[in-house]
Amino acid sequence: MANGGLSIAHSHSGHVCVVRLTGRIDNSNASEVTTQLSGLIVSGEKNILVDFDGVLYLTSAAFRALLIAADQAERNAARLAMCSVKGHVHDLFEMGGLLDSFTILGSRDEALARLA
Amino acid sequence: MRSIEVTLRNNPADISVIRSALDRFGAEERIPGKVLIEMQVVLDEIVSNVIKYAWPGGGSHDFLVRLSIDHTTVGVEVVDDGQAYDPRDAPMPAPASSSRRPPPGGLGIHLIKQLVDFLEYERIDEHNRVSLKKRFVAAALPQNEASDGKRRA
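Read top to bottom, the protein sequences are chains A and B.
The first sequence begins at 1 in my numbering and counts up by one.
The second sequence begins at 1 in my numbering and counts up by one.
Read the hints as simulated data drawn from the structure, not as lab findings.
Be aware that a few hints might be false.
Covered stretches of chain B, as calculated for chain A (at least 3 residues, CB under 8 angstroms) [stated by the list, open to error]:
#1 41-51
#2 68-77
#3 108-115
Here are a few chain B residues that face chain A, going by a calculated C-beta distance under 10 angstroms [unchecked claim]:
#4 Ala13
#5 Ile15
#6 Ser16
We put the CB at the ideal spot given by N, CA and C, even for glycine.
Chain A extracted, bound-state conformation (with noise of 0.2 angstroms):
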């Protein structure tokens, strides 16, 4: 896994477009992530489904590229979500105070199903 152990992957289930987020995120690799969700909005895509179930540790750098993406997708009227935020990665998400910032759906099937 290259850049500080994170890998970033997306595919197509239906018409929502799943980024699958592998590995640790923080300083020296969240601007990837910026650059990935911001890239699949410009191309178009307006259901983006940013799937946790690999992130092992996440620093605020993550959760700085996730406000920014979701800005960015409010601006360009396309929906970002998030799933199968858990563990450590979920209190996080909580001690920011960004669970009510962004839209989280549960499991992936879970979001699939809300955002089909």
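Got chain A; can you put chain B on it based on the hints?
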């Protein structure tokens, strides 16, 4: 109290150096996993801040990170000779007026304050000294080591 000291350079690549040092220290000292992860976040945030903001004029600078542990507390101390900055004064991220989302700045210090039990700052001899401590409940020793300990005692 046991401690280790690591000298870092104001280079983002050095974050991985201190992260590895904390991983090793945590394993040696049996710091519980959740506490170790939370202190990794704290260390990432505070060291990133020093590297990014302490020396606005640029150049190459060294600073010191000390990791410590006693029976109930794990500590991180960072000493640098950059511009004065007291993290206790950092404002909470304010919600943006047009959105329920906060602006994407200031979250790092906010997270640190949530994750530690003690945050102290001193400016001494043109140096910043930030001390962060987190209390924890020590993990029980494995059965064989606990009994070894009893035999030695």
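| field | Hints not upheld, ascending by number | value | Violated hint: only 2; rest satisfied.
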